[in-house]
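Enquirer: Whenever a hint applies, use it, and build me the whole structure from the sequences.
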Amino acid sequence: MEAILIDEYNYPLPDERIAKYPLAQRDHSKLLVYRNGQVNEDRFYNIGNFIPDHSLLIYNNTRVIQARLVFHKESGARIEIFCLEPLAPRDYALNLGSTSGCTWKCMIGNLKKWKSGKLTLIIHHSHASGAQSTSLVLTAERLSTTGNTHEVRFEWEGAISFAEILDQLGELPIPPYLNRATEERDKTTYQTVYSRIKGSVAAPTAGLHFTDDVLNDLRHRGIQTTELTLHVGAGTFQPVKTADANEHTMHTEIIAVPRKAIEDVLANLGHIVAVGTTSMRTLESLYFLKSILDPLIKNQDNTEHVLHVGQFAPYQPGTNDYSTKEALETILRYLDMTHQDTLHAETQIMIRPGYEFHVVDQLITNFHQPKSTLLLLVSAFVKGDWHTIYDYALSHDFRFLSYGDSSILFRS
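Just so you know, the sequence shown maps onto residues 1470 to 1881 in our numbering.
Just so you know, the hints here were simulated from the structure itself, not pulled from any lab data. It cannot be assumed that every hint is accurate.
[Unchecked claim] Pairs of lysine-lysine, DSS-like flavour, derived with a Cα cap of 30 Å:
(1) Lys-1499 to Lys-1574
(2) Lys-1840 to Lys-1852
(3) Lys-1656 to Lys-1667
(4) Lys-1499 to Lys-1656
(5) Lys-1489 to Lys-1656
[Stated by the list, open to error] Beta-carbon label-pair distances, calculated as ranges:
(6) Gln-1507 to Leu-1563: 41 to 51 Å
(7) Thr-1603 to Arg-1486: 42 to 52 Å
(8) Asn-1515 to Phe-1781: 34 to 44 Å
Ideal Cβ placement from N, Cα and C applies to all residues, glycine included.
Expert: In structure tokens form, the structure reads like this:
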């Protein structure tokens, strides 16, 4: 496999170009338009002028959870537990709906002060009936360690879900490169207007520019919309530290794609607009499920399987030899066989230069960190012409990263 030298995907990003806060009006952010090697700019509220007629716009409806929990030991030591992904129950909805205990993969701050034993935190729970609030005890126990992550078991007593515990006691995990504490306003500004499925620990930030007015304008123009779910993990901020990007280990994320979304994509091939890299990774991952599902369908195997798209699945011999239509129809047959309305899978896909795109035609995305896998994805989409885009943005006062400005890119 040809080396991808990560130093070739570096650029100077002064701290003052990183947007520490969003604009007061989401849709007033600047919009860079890249098409046929040419760059123009506008404002995001005019994005409908640049999306081709009869397109299908697909966005990620995940909602960021308040995933940081702070405990204090009797000694006064502050221990921060950052919930990354559910382990038991594995399903996000079941885990967040648990009312007695659950287990998560976590990162732990100030771990040296937590050698063993359980940590405790008091929950003051107000009852919906209006009855007097009660005090509950949340305990956290570290079960095992793998690398820099830990398996943590949370337990409590009382009719309160883990989602409610996080809403009450947790802190929203804004990106580390903002170099500031989470503020109350982030609870609103760091969520998309269409977020509804809880599970992410980072926002799908391309969607932060959308407002109800923008979405209504797109619908009036005849542009269809549909949604899917990818719960964004903390790995999205993980820099590439290897000289050859191929040696970087991609993080795994959980995806859920409703049957309707798959049918909508199938009916609109050639006119697909992905809102953000998370939607892009989900949609492109669908193509590579065919080789996993074919034998299951052939054997009428409807037992529960973990459908996992590997990091290098796109680069294996024979994996790009069928049409997108065939791939999507295979998924629909699998859903029919298993009597499911939603496809559930995992993706570790790495989209980097040399990738052959199968689903997405236009990408709406923010401006990403130097030497990141997201910048590799952008480079792949524009056939290596990312410098044209980023040089323009840097020289025309665009704001960068999560709370920064946006772009719409047409596939080269």
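Enquirer: Each hint should be assessed against the structure and marked as holding or not.
Expert: Against the structure, the hints come out as follows:
1. Lys-1499 to Lys-1574: 37 Å, violated
2. Lys-1840 to Lys-1852: 17 Å, holds
3. Lys-1656 to Lys-1667: 13 Å, holds
4. Lys-1499 to Lys-1656: Between Lys-1499 and Lys-1656 the Cα gap is close to 23 Å, so the pair holds against 30 Å.
5. Lys-1489 to Lys-1656: 15 Å, holds
6. Gln-1507 to Leu-1563: 41 to 51 Å: With a Cβ separation near 49 Å, Gln-1507 and Leu-1563 satisfy 41 to 51 Å, so the hint holds.
7. Thr-1603 to Arg-1486: 42 to 52 Å: Holds, since Thr-1603 and Arg-1486 (Cβ atoms, about 49 Å apart) stay within the stated range.
8. Asn-1515 to Phe-1781: 34 to 44 Å: Holds - the Cβ-Cβ distance for Asn-1515 and Phe-1781, about 39 Å, lies within 34 to 44 Å.
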